[in-house]
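Asker: Sequence:
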Amino acid sequence: MNPCTPNLVLTCLLLVLSSAECAAHGEPSTIATSGNPASLVVFGDADSIATLGDGTVLAARAIAGQGRVVAIGHGGFLNDDRGDTAVFLDEQVTWLCQDGASTVWRVPEPMLQRLATNGLDLESIDADVASLDFEFVELVVGSPQAFARAGRLQDLSDWLASGGALLSLETAWGQIQLGHATGTSDLAANTLLSEYGILYTDRALSPGRDGLYTLDAAANTFANSTHALRVLAGEIEGDLPLAARVARQAFAVVPADSTLFVHADTIARNHTDALNAAYASMAGASLKLAEQPLACALFDLEARRAAQGEVGAHPSASAFPGAVPDDAPRITRRVELDAIGGWRSTGLYAAPGEPITARVLKGNADSLNTQIGCWLDPQDFDDRYRFPVAVYRAPFEDGTSTLASPIGGPVYIDLGDGVGPVTVEISGAVEMPRYRLGETDLDEWRDRIRHLPAPWVELESDNLAFSLPAEVVRGLDRPDLVMRHWDQVHAAMEALEPRSPRHWPDRQYRYVAEKKLSWGYMYCPSNAPIVIPLNEAGAMVDLASFDALGPNELWGHYHEMGHAHQNPMWTFAGTGEVTVNIFTVLALHTVNGYPLDHEAMRSDPERALSAMHAHIEKGAPFHRWKSDPFLALQTYALLWHAFGFDAFDRAFRSYESMSQSERPREDQAKRDRFVIQMSKAVERNLEPYFRAWGVPLTESLSDEIARLPTWMPEGYESSSP
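Numbering-wise (numbering that gives the first Met the number 0), the sequence shown opens with residue 0 and increments by one.
It is possible that some hints are incorrect.
[Stated by the list, open to error] Straight line, CA to CA, 27 Å or less: simulated BS3-like cross-link-like pairs of lysine-lysine:
#1 514 to 287
#2 287 to 515
#3 679 to 625
#4 669 to 679
If you're looking for bench data, these hints aren't it; they were derived computationally from the structure.
Based on the sequences and whatever the hints tell you, model everything.
Answerer: In structure tokens form, the structure reads like this:
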């Protein structure tokens, strides 16, 4: 390889001095990309070179055999000239060229010109991934995944180890999302760089402030997870919470046979008693990263071990999901499941650390899975409220599946889609409280089932399933009334708009209570259970909440189910938290019996009209309408007050007859089409009404509905400003 020129050495020195001077004056550099970069994990002899203040690594570099590598979490950094991005990237190419490089592949022309100005002349060659001849190139810029797809990852690896220089640009989460990798474990960049101490995570970082990421030079050293472990072990001084955050990110992706894990295991053994006491105390308080950094970090390591099959009872299980008495009988039970797909309750509960065995007696076992636990929230918090991994699954092999969970949980058979009916025999679990509408005997429920000692309960109908703490049903005499009520809620929403394909339309729709939620007070993910906090579980089974005479405790629960019924064709930007409440109000009105003008509905004609006038007085700014869900709700409320929910039903049904080409996809088309379809449903021209609210509509909109008489809400003209 060609030696670097003296000018190149001088350039590198000046760049390093510039960065050091910047840090010394307390002016951290900034780099930018227009996308959402992936973060990296650094360990061993690798160095973080772009670190945020919380320890998140955007770029890292390492000596790779005889070669060099710089890894960055997004290709957009390469072409962004905001902040110090260009200087930062030029510095990395300079470092990569220290062992000599003159011929490069895929270096952008602006960078080549900048480097030439500083005395580094690089010759760019033109080739695709398949035809690139590594013998004639010293620096490669690009995605390792592209080389893997071309069957050339081993060529890239051999070239790098023998002295090549690689600038790896990989948006890892994007490659996984596109199906080019199943996860971080088989991501091509990680296969290539793991032995050199660099790994990509599957995190998609938020855009930087004003597009810029502010780097913290002082955090670079502590962003190396091997260094962070030494801080946690007390071997060297450092920021303990930062070290814990760095270590736990590493534990999620670093290979289990790495020296990092060996070091962590040694630390864990040296602190066994203190760690177990911290985990057992979680019933009273969460693990605080600021106060218990070592326990927080090694908690995640234990979760990683458990996910890989190293399962024993974990001390935190008594805090969540709860303990199982040692004297509770471990039983064998035959479970018959009908053709309804998805997670199917078995009425059994796996004790922490104890294996259960499921055996298919009748039916097809090919696509079945045994599952323990129902808590899928990612727990993306600094502090720890429960074991980070709370769902464990195992397929059936030769008709048998064996599985254990370190924290235990309800036992399910996941039938997937269209697999049942099946008959399964399960052994090694304990019986848990379970009620199924139309199947469970009420007297047996009252006398025995609700008192079973397992800490969780399953309540079911054909349409719905609830996974709740058992304490909320110990005094429940009529679970049948509970499930009938919720079936009515579901039926009311289903009649207005069926569940979307993204929300298990052919499965039981499940609510799961969770100790700490990652998003909002409650949330409704795609193709996963609705998640509610533990303190809202009791309201779901409180008969007093089921009519207009009792407390209004179910708005949030109905709201989350409503999300499953929203149709993107009539839910445009700014209405995601608005059109959902059409279903909330519908259920409160038709099932609970609240009058439409009741305060529980958060709208009455007078309030809605007043809100409309106040909005118009301010110029009807659409940005405000979009950002205030309860303001925007009044727009829809005036329609149901005037025309009833049947009008929404007619409008929604009208979308079903549209061809694929007619169905709106962009926001403007969605706004226009909803006004047109709703106008036709009520046989009134609603264009002036929506324009009065400030909703942007196209000029030609009135052509389809011009023949209809114009409508404005009663009282609008007389009290309008």
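Asker: The structure should be examined with respect to each hint, and the outcome stated for every one.
Answerer: Against the structure, the hints:
1. Note on residue 514 and residue 287: the hinted pairing holds, with a Cα-Cα distance of about 15 Å set against a maximum of 27 Å.
2. Distance hint between residue 287 and residue 515 is fulfilled; the C-alpha atoms sit about 14 Å from each other, no more than 27 Å.
3. For a cut-off of 27 Å, the pair hint linking residue 679 to residue 625 stands: about 24 Å separates their Cα positions.
4. Restraint check: the Cα-Cα separation between residue 669 and residue 679 comes to about 15 Å, which is no more than 27 Å; the hinted pair holds.
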